[in-house]
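Undergrad: Chains A, B, C and D, in that order, give the protein sequences.
The first sequence begins at 1 in this note's numbering and counts up by one.
The second sequence begins at 1 in this note's numbering and counts up by one.
The third sequence begins at 1 in this note's numbering and counts up by one.
The fourth sequence begins at 1 in this note's numbering and counts up by one.
No wet-lab data here; the hints were simulated from the structure.
Check before you lean on any hint, since a few could be wrong.
What the hints assert, rightly or not - Straight-line C-alpha distance at most 20 angstroms; calculated PhoX-like pairs for lysine-lysine:
id : chain 1 : residue 1 : chain 2 : residue 2
1  : B       : K101      : B       : K370
2  : A       : K101      : A       : K370
3  : A       : K341      : A       : K359
4  : D       : K47       : A       : K320
5  : C       : K47       : B       : K320
6  : A       : K359      : A       : K370
As the list claims (entries may be wrong) - Covered stretches of chain D, as calculated for chain B (at least 3 residues, CB under 8 angstroms):
id : segment
7  : 48-62
8  : 93-101
9  : 107-113
10 : 252-265
Backbone N, C-alpha and C define an ideal beta-carbon position, used for all residues, glycine too.
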Amino acid sequence: MTPYPPLRLHVPEPPGRPGRETDFSYLKLSPAGAVRRPPVDVRPSGTEDIVDQLVRVLDDDGRAVGPWDPKADPQLLLAGLRAMLKTRFLDARMLVAQRQKKLSFYMQCLGEEAIGVGQALSLRPDDMCFPTYRQQGILVARGYSLVDMMCQLFSNERDPVKGRQLPVMYTSRRHGFFSISGNLATQYIQAVGWAMASAIRGDTRIASAWIGDGSTAEADFHSALTFAAVYRAPVILNIVNNQWAISSFQGIAGGEAASFAARGVGNGIVSLRVDGNDFLAVLSVSGWAAERARRGLGPTLVEWTTYRAGAHSTSDDPSKYRPADDWGRFPLGDPVARLKKHLVAIGAWSDGEHEAAMKAIEAEVVAAQKEAESHGTLASGLVHDASTMFDDVYRDIPAHLLRQRRELEDLS
Amino acid sequence: MTPYPPLRLHVPEPPGRPGRETDFSYLKLSPAGAVRRPPVDVRPSGTEDIVDQLVRVLDDDGRAVGPWDPKADPQLLLAGLRAMLKTRFLDARMLVAQRQKKLSFYMQCLGEEAIGVGQALSLRPDDMCFPTYRQQGILVARGYSLVDMMCQLFSNERDPVKGRQLPVMYTSRRHGFFSISGNLATQYIQAVGWAMASAIRGDTRIASAWIGDGSTAEADFHSALTFAAVYRAPVILNIVNNQWAISSFQGIAGGEAASFAARGVGNGIVSLRVDGNDFLAVLSVSGWAAERARRGLGPTLVEWTTYRAGAHSTSDDPSKYRPADDWGRFPLGDPVARLKKHLVAIGAWSDGEHEAAMKAIEAEVVAAQKEAESHGTLASGLVHDASTMFDDVYRDIPAHLLRQRRELEDLS
Amino acid sequence: MTSMTMIQAIRSAMDVKLGMDGDVVVFGEDVGYFGGVFRCTDGLQAKYGASRVFDTPIAEGGLVGVAIGMGANGLRPVVEIQFADYFYPAYDQIVSEAARLRYRSAGDFTAPLTIRMPCGGGIYGGQTHSQSPEALFTHVCGLRTVMPSNPYDAKGLLVASIECDDPVIFLEPKRLYNGPFDGHHDRPVVPWAGHPLAEVPEGHYSVPLESAAVRRPGNALTVLAYGTMVWVSEAAARETGIDAEIIDLRSLWPLDLETIVRSVTKTGRCVIVHEATRTSGFGAELAALVQEHCFYHLEAPIERVAGWDTPYPHAQEWAYFPGPARVGAAFRRVTEA
Amino acid sequence: MTSMTMIQAIRSAMDVKLGMDGDVVVFGEDVGYFGGVFRCTDGLQAKYGASRVFDTPIAEGGLVGVAIGMGANGLRPVVEIQFADYFYPAYDQIVSEAARLRYRSAGDFTAPLTIRMPCGGGIYGGQTHSQSPEALFTHVCGLRTVMPSNPYDAKGLLVASIECDDPVIFLEPKRLYNGPFDGHHDRPVVPWAGHPLAEVPEGHYSVPLESAAVRRPGNALTVLAYGTMVWVSEAAARETGIDAEIIDLRSLWPLDLETIVRSVTKTGRCVIVHEATRTSGFGAELAALVQEHCFYHLEAPIERVAGWDTPYPHAQEWAYFPGPARVGAAFRRVTEA
Ligand SMILES: Cc1ncc(C[n+]2csc(CCOP(=O)(O)OP(=O)(O)O)c2C)c(N)n1
Ligand SMILES: Cc1ncc(C[n+]2csc(CCOP(=O)(O)OP(=O)(O)O)c2C)c(N)n1
Ligand SMILES: [Mg+2]
Ligand SMILES: [Mg+2]
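Looking at chain A on its own, in the form it has when it is part of the complex:
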């Protein structure tokens, strides 16, 4: 027999580590405007040839170019810019508040704001989003009260989820924002089920599903793709590829040999890879995917290329596993700066207006925080009464939980 050399295990390594600058050439980029725009009724296999390209609209000069230009109303773009800024201010303030122990934990979406905000603005208000913990932009864009958000974060006595969940695990049915789970990926298949229910009931509402690059390795990702393809569910399957999953580079999730968008094509789902830091591309592709879903043309999978600019959470220290200045060198830049540049370039915005908007938004966030804190923080101990702990396990409290509640009450 032929002598074969011993086998060896391949373990993917990121293209940068502390002390070794990231080589971002692994990110296959396409020039703005270069990727064709298929018709909305494209067949499942019809995006096979473009799935590894990168849909982009904004060029380096902030101009919107090519077939994916959404030709959006500048007012809509300004709404997007404001929502992104508000999200960013919220994140910044809450990071500080966490350090002050007013909340136990926080997760920011710095650098990824365009994606949640842009998609929210492309959907109808009653379409249902099944987000992860990094889509606070959806809530902000849909006008959810900042005070309510912060009450959740502070786990205080006005926390809409009664202190039961970690900070950032929002829920708001009224804002089409599904209750966030601490377990990764579970909501991805639920979104497909929600969308199937729309189809079963003859409704016109669609669902938007969210997952991170790292979490695509979970089982529910596969279930979601399978069920969405089989039943042609009216759902947008978003993958936010921010290059990292805590300390693990996207190669560990399987991003080395094929793009995540390619997973969709492999399951017979129309799929695109898109510049997630390009607000116009987000609007455009989200709108296209929503139209497909609403016309009964089935699911669309979108891999949004972006970068997790901050730490994974307040419990994380990314300088342990990647170069400190990585975001600054990320080729797709900052989504806020890029949209601002575009708005200025088309004459819809100016540095002065931007400055003023920042100030106004900051003041709004500060005011909201003040109000929220007046209802307590985890540190202050002003939280929902312990006896509420026994509510909502079931619709009605069963006998054994009444007994346990009594036991707790007797104790104090």
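Knowing the structure of chain A, use the given hints to seat chains B, C and D with the ligands on it.
TA: Then chains B, C and D with the ligands, alone, in the frame of chain A:
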């Protein structure tokens, strides 16, 4: 807003039902010899363009044509033919024995024999197979004792798994045949782990993983593709697409919008779709995939197109959900007849020799059955002693199981 | 009133609910066109159409996951796991999602789904077609776990489960599908036809959750059982002549503790019978509760008769199955103690 | 001897085994380059290379699945589930495969793997970073379930688990990682340094599985506890002045029943303490066993102090956590009964 019509749920329907002949045009066929043969070190994306074609070697006249012709030694082909025949006789006899209640249950692989047998003959004897319940051909091809197989089937006192498993749930480490689980798909990811271990230890043995079309929807299929791609595991990922999963057509598993082979490409795995009833194609593609694995070039996924000619199991009645004569109309024919035709065409075999071989094999199977039955059958009650039930739960029997064993013994 | 097998009763429950409530949908592996490997959904797709009754991919996690999403969108899904032995891939969706959704969203979202699964042994199914995983659900707060022992209860409890706003795990002892099996596997099969508990109304009715039934009143000891073991316990009482009070729990959790306490307080003795493996089985919880609530009335240790702590073996099925002999021996020990 | 935290002790166990046995491999989410979110594998990849210590995709089912395949190919994998709350996607591989492989193949194949997972609350982790799922493992025959309460045991038990040929679930009470937490969350944090049980040999040693430890001898009642609850029980004994005999089970299943029975036979009273939800928790099995084996010695009902039957709430963490006050109250009830 645009008025959208109500959404509707798409539920895939098979192209044939009882009383309505199957339209097999959904099976995309390629002519024999038409698909190119990439070099073994093809890059992960290098089979994208051919993944929906069908690799075939044998043409309608039984000639081997095209780049995938394995140019196999006729002796090897004859060994394959004999193993297929033996498998078929075994199945036929055991179906009858099941009806006689000598075994509780049986699953045949009628129509799919070429795949297990062909792959087994392409591997080294110490490569490890992680089969499903329809790869008995591997054991037969590797020379596992028919008597031992039948003792397992009869759950008798010589059953190598001590009566603990349903019939057909064989195991033989010595024959590179992993213990079959009743839970679908679980072994697929284990095969990848086994292969990773080979790479970690610097071994040269590879793994062969098996799954049915229906079971690809399970989580473990996704895990297997992810881990195999990420660590470039030396494994062959076989999907046996026999068009049915009990009563569910392969469209219900997601075979409508994309081939199962396409799943591999979507995960960055070199993938092919192959005529599984063409023994020469099986040999050739299996050998190619094994060579890739052993050279450290990573995993290969192969979708074998075939047809489940019989019932799912002895508990099933397919006339309830598909046309009764479906197999007769299946365009890829009978693997045994096709290989025989080829052997006759190349002058390596004759009708007379075939007849004689059939007789000899039948006699061998009958003799084995006689011997196996002499060790008992489930019906005869000659099974492993009940007290052995407590062995092998742990390496050593812990105190609580000793107590339980005593309790059982005291009872009788 | 018609005589129904348990399969027919279960089908009838879904039929009634599909007919009454446009939000009820039924799906699972092979449940659509074919009507399920145990035929529990036979004819329902033809009657209600493929968008209300349909086949799914073989992905237990996936089908429970979509059911949760559907529940959040106003439907009331009834899903089938083909065998209880195959629910494990769905465990994360069941525990982390279905059971927690109402709580973690403080009622903002709920998932009223019913998960049916055939369970239990006695059909030569081997270790992957015989399991009784109820304890893996009773430990999970937010879930309801139900197991009927006869056609009347099966229909009534299934209707109640579908109507319940909490997620319900509905376990169907498959050995009872076609008759009230009492563990005497070597005797002729007894069909449901003619049995009073097989007299099932065709229309709508329900059996309340959290209510146990005293199947056989008695004074010598209390037997806590459910599913097939109710019939085995009755056989054991008959054969030992011991005047057992047999309680069919029906709802495992939340539990009708009152009925249990009342009985044990009276008899002072208790045997718990289940087919699941013994250690950390639901019998452990029952034993713990009984000794907590009836300590001063107990005259003998509570005994558990259960499946051995091994996988369910195929060829040794009847040495594994807790049949009337084993149950009867426990009756004797406990009454003689 | 060095003073080690529980994290260091756990790391040291893996270090020793990786060094001694070329078949040992360590992997999981973030365990490679970064060294684990709790730093338990910090430095091991640098020392042993990326093919022995590596990061995996976020797929708990996948990583346990590959571990089983590796085990079948002669390796001895030690895998980390990042939080015990996330083992559910791996449950099928754990139950249907790891636990059953030896049995179903009659010893032809085995999977000697160790699955480490941080468990328990007390760190404001909310409902998905606080769970104690031990009962979901103790019900599964074929598995061993272990939970240490201090650095010395953590290392010794982890070494024993890695060397064990059965699959072992190794639960690490994360609130003990950095100090012997006794439930007084409002008092200053106590570090491990200086504690006798933090004196840990640097080299190889093991603590036998299936052996409990009597942490505090006493005569008034027997306390069965494990993990963090051992420290809480000691605080309760101190604060109530009740002469409790506290048994640290260490191995939950298979169990050192002898030590338990000896103690309860002596004291006649028993309190079981765990952090997991009460219903069908492991305490139920302990209560059932104790009353089975010590019935005639019991002078009071066995009590269970446990997590309430709700998800672990974030803001009400300390009302949920079974702290010294609740445990002490049970001591009083049981000794006064
Ligand atoms: C089932 C499960 N496994 C592990 C975790 C722990 N965990 C939380 S976030 C995270 C990384 C997720 O990465 P990615 O999906 O890329 O999302 P990102 O944080 O980058 O937005 C991990 C491993 C979890 N929450 N749930
Ligand atoms: C986890 C799990 N779910 C369901 C089943 C029941 N079941 C046994 S075989 C089968 C169909 C499998 O179809 P496929 O994978 O196409 O294999 P084939 O039988 O066609 O060879 C099903 C649903 C099972 N054994 N395990
Ligand atoms: Mg990420
Ligand atoms: Mg099939």
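Undergrad: Regarding the pair K359 (chain A) and K370 (chain A), is the alpha-carbon distance no greater than 20 angstroms?
TA: Judged against 20 angstroms, a Cα distance of about 16 angstroms means the pair holds.
Undergrad: When I compare C-beta atoms, does the segment 252-265 of chain D have three or more residues closer than 8 angstroms to chain B?
TA: holds (count 3)
Undergrad: With the threshold set at 20 angstroms, check whether the alpha-carbon distance from K101 (chain B) to K370 (chain B) stays at or below it.
TA: Cα-Cα ~15 angstroms, so holds.
Undergrad: For the segment 107-113 of chain D, do at least 3 residues have a Cβ located nearer than 8 angstroms to some Cβ of chain B?
TA: holds (count 4)
Undergrad: Between K47 (chain D) and K320 (chain A), does the CA-CA distance stay at or below 20 angstroms?
TA: Distance of about 17 angstroms is within 20 angstroms: holds.
Undergrad: K101 (chain A) and K370 (chain A) were given as a pair; does the straight-line alpha-carbon distance stay at or below 20 angstroms?
TA: holds (15 angstroms)
Undergrad: Per the coverage rule (Cβ-Cβ under 8 angstroms, at least three residues), is the segment 48-62 of chain D covered by chain B?
TA: That given contact holds, which follows from 7 residues of the segment 48-62 of chain D lying within Cβ reach (below 8 angstroms) of chain B.
Undergrad: Holds or violated: K47 (chain C) and K320 (chain B), Cα atoms, limit 20 angstroms.
TA: Holds, because 17 angstroms separates the two Cα atoms, which is no more than 20 angstroms.
Undergrad: Are the Cα atoms of K341 (chain A) and K359 (chain A) separated by 20 angstroms or less?
TA: holds (18 angstroms)
Undergrad: Are there three or more residues in the segment 93-101 of chain D whose C-beta lies closer than 8 angstroms to some C-beta of chain B?
TA: holds (count 5)
Hint compliance for this structure: every hint is met.
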